[in-house]
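Residue-level listing of the chains:
2 protein chains.
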Amino acid sequence: MLTLQDIQHAAQRIAPYIHHTPVLSSQGLDKLLGRRFFFKAEHLQKTGSFKARGALNAALQLQNPRGLIAVSSGNHAQGVAYAAQVIGAPALVVMPEDASPTKKAATRAYGAEVYDQGVTVENREQVVRALAEETGYALIHPFDDLRVMAGQGTQALELLQQVPDLDAVLVAVGGGGLISGIATVIKSLRPACEVIGVEPETANDAQQSLQMGARVKLVQAPRTVADGVRTLAVGEKTFPVMQRHVDRIVTVPDEVTLEAQRLMMQRLKQVVEPTAGLALGPALMSYDLPERVAVIVCGGNWMP
Amino acid sequence: MLTLQDIQHAAQRIAPYIHHTPVLSSQGLDKLLGRRFFFKAEHLQKTGSFKARGALNAALQLQNPRGLIAVSSGNHAQGVAYAAQVIGAPALVVMPEDASPTKKAATRAYGAEVYDQGVTVENREQVVRALAEETGYALIHPFDDLRVMAGQGTQALELLQQVPDLDAVLVAVGGGGLISGIATVIKSLRPACEVIGVEPETANDAQQSLQMGARVKLVQAPRTVADGVRTLAVGEKTFPVMQRHVDRIVTVPDEVTLEAQRLMMQRLKQVVEPTAGLALGPALMSYDLPERVAVIVCGGNWMP
Chain A
1 MLTLQDIQHA AQRIAPYIHH TPVLSSQGLD KLLGRRFFFK AEHLQKTGSF KARGALNAAL
61 QLQNPRGLIA VSSGNHAQGV AYAAQVIGAP ALVVMPEDAS PTKKAATRAY GAEVYDQGVT
121 VENREQVVRA LAEETGYALI HPFDDLRVMA GQGTQALELL QQVPDLDAVL VAVGGGGLIS
181 GIATVIKSLR PACEVIGVEP ETANDAQQSL QMGARVKLVQ APRTVADGVR TLAVGEKTFP
241 VMQRHVDRIV TVPDEVTLEA QRLMMQRLKQ VVEPTAGLAL GPALMSYDLP ERVAVIVCGG
301 NWMP
Chain B
1 MLTLQDIQHA AQRIAPYIHH TPVLSSQGLD KLLGRRFFFK AEHLQKTGSF KARGALNAAL
61 QLQNPRGLIA VSSGNHAQGV AYAAQVIGAP ALVVMPEDAS PTKKAATRAY GAEVYDQGVT
121 VENREQVVRA LAEETGYALI HPFDDLRVMA GQGTQALELL QQVPDLDAVL VAVGGGGLIS
181 GIATVIKSLR PACEVIGVEP ETANDAQQSL QMGARVKLVQ APRTVADGVR TLAVGEKTFP
241 VMQRHVDRIV TVPDEVTLEA QRLMMQRLKQ VVEPTAGLAL GPALMSYDLP ERVAVIVCGG
301 NWMP
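The listed protein sequences correspond, in order, to chains A and B. Residue 1 is where the first sequence starts when you use full-length UniProt numbering, and the numbers rise one by one after that. Residue 1 is where the second sequence starts when you use full-length UniProt numbering, and the numbers rise one by one after that.
For the record, the hints were derived by calculation from the structure and aren't laboratory data.
Since the list can't tell identical chains apart, any single copy or any two copies may satisfy a pair.
Straight-line distance between alpha carbons at most 30 Å, and here's what the computed DSSO-like set of lysine-lysine pairs gives:
| no. | residue 1 | residue 2 |
| --- | --- | --- |
| 1 | K187 | K217 |
| 2 | K31 | K103 |
| 3 | K31 | K187 |
| 4 | K31 | K104 |
| 5 | K237 | K187 |
| 6 | K104 | K237 |
| 7 | K104 | K217 |
| 8 | K103 | K217 |
| 9 | K103 | K237 |
| 10 | K237 | K217 |
The model shown is predicted, which means the values in this text are computed figures rather than measured ones.
Please work from the sequences and hints to get the whole structure.
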């Protein structure tokens with residue numbers, strides 16, 4: 001099980017290579033939504049998302065790796081590419097052949113090699129395992145890895161220093177790497193603060209899993225604008241942490257996610273991804289929320 | 001003539017009501033463009049633009065005004081509305097009947113009344129003068145007013161504290177209120193720093209005016225994506241300040257302005273107006289620029 005100490009060590013380890021991101025707020029937005037919001041600005045993190053934290057915490061614990069390898073068509077790709085740069089190793093990222101050229105280009109721009117020949121959403125896990133064996137590169141999983149989870153949790157240490165008296169934290173949930181790191185910190189240091197996971201209505205596998213007490217896997221990739229959380233199931237390692245520390249999971253329809261993203265762009269003047277809008281979504285709905293709420297702004301890699 | 005002291009007094013006067021905005025930067029962007037850039041983030045200012053500074057500095061010097069009145073279909077409208085809120089007076093903003101409903105709504109949201117009945121771009125100056133007389137409200141000009149110019153200059157005092165060793169400042173030029181305030185500060189405190197005005201190719205009246213030594217007026221409203229600088233001519237009061245303190249004016253085609261805006265959104269993760277892109281534009285062209293360059297990010301009131 002992930003511990004607070006793992007996360008505190010991670011914070012020390014990655015500190016030289018990441019930004020201590022600010023917490024943003026808007027009086028106008030607070031007035032509009034009827035409570036105080038604190039936006040943890042991880043879209044201003046290196047690589048434009050929190051994923052740099054976890055990838056770095058894993059990479060920095062490797063002993064002279066030949067290289068790093070990962071599967072991702074999103075922010076984890078750039079996180080791993082950046083981590084490889086930091087440790088001076090090559091990075092290989094496996095992406096489906098039909099992933100967007102923009103995302104491939106962005107990953108290459110961070111210095112990674114993109115491998116996509118014959119890769120599909122269905123076979124990519126096999127491909128990456130075969131490639132890892134062939135190359136001897138170290139595989140960094142996007143969420144189901146205690147080092148990655150610990151890295152993602154480091155932002156909650158900063159958040160509690162920046163806003164000590166929080167009542168709740170809203171966190172988008174995909175594979176659960178982000179929320180398990182954050183929930184471990186919050187429940188260790190400020191147990192009264194609610195940790196609320198947010199999923200798209202069409203991808204509520206984490207909600208179902210917590211209700212059933214066992215991991216539920218979606219039969220196919222969900223359709224949602226929140227492209228950061230299209231995983232089919234939470235992880236083996238993230239699930240028990242979520243069971244222990246997450247208070248509840250709520251769901252948000254895509255139109256609310258987009259409206260929340262628009263509000264954040266309009267009021268905070270920040271470019272944020274739809275998945276960051278997802279995290280604010282519950283505030284635009286009838287969910288019961290306390291007075292002082294943090295929203296994890298997971299990333300800003302999005303273009304109008 | 002505007003003096004440094006006017007601007008220092010303005011800074012003290014408006015300090016309780018404005019944000020001391022941050023200076024942002026991006027290593028990736030610096031690498032891409034080959035020099036260091038410092039973005040003065042006035043899109044994070046109250047009302048989403050620097051215009052709040054000038055409007056406030058004028059409003060706070062009035063003796064019990066009945067109200068404030070202004071002509072504007074842009075950021076000055078919101079600046080005046082906000083200033084009126086601060087001094088507890090009503091605000092009346094004159095806008096052409098065919099101004100965008102979004103802009104009218106935004107101005108009303110800041111508590112101002114919008115007057116648009118029968119108003120056109122051509123008759124709006126007459127309308128506002130007639131209304132000012134009728135209502136007894138104090139007219140606040142968007143740029144040709146020493147109090148407004150002094151207010152806009154206050155951001156340069158902050159900028160030089162934040163980045164003392166600047167080589168140049170890039171400033172979008174419309175009526176000249178912004179650049180005359182900024183140039184007065186820069187040339188008083190750091191004369192070696194170049195003050196470079198930036199105009200759209202289609203609206204280079206300031207460039208022509210400085211070349212001719214007399215104010216040139218465009219025959220019609222210019223077509224440009226930089227909607228913050230569509231004025232027909234620089235002001236009577238701003239022109240002599242510009243003659244004295246502005247080093248040069250350069251022009252930028254709209255496609256470069258849009259590319260610069262896109263770069264700022266992508267690299268800084270900030271929502272900025274096209275007119276903010278205009279200010280960065282010269283860095284994407286063959287203009288000779290020094291090493292350490294500040295860019296005034298004039299506003300963020302824009303939606304994709």
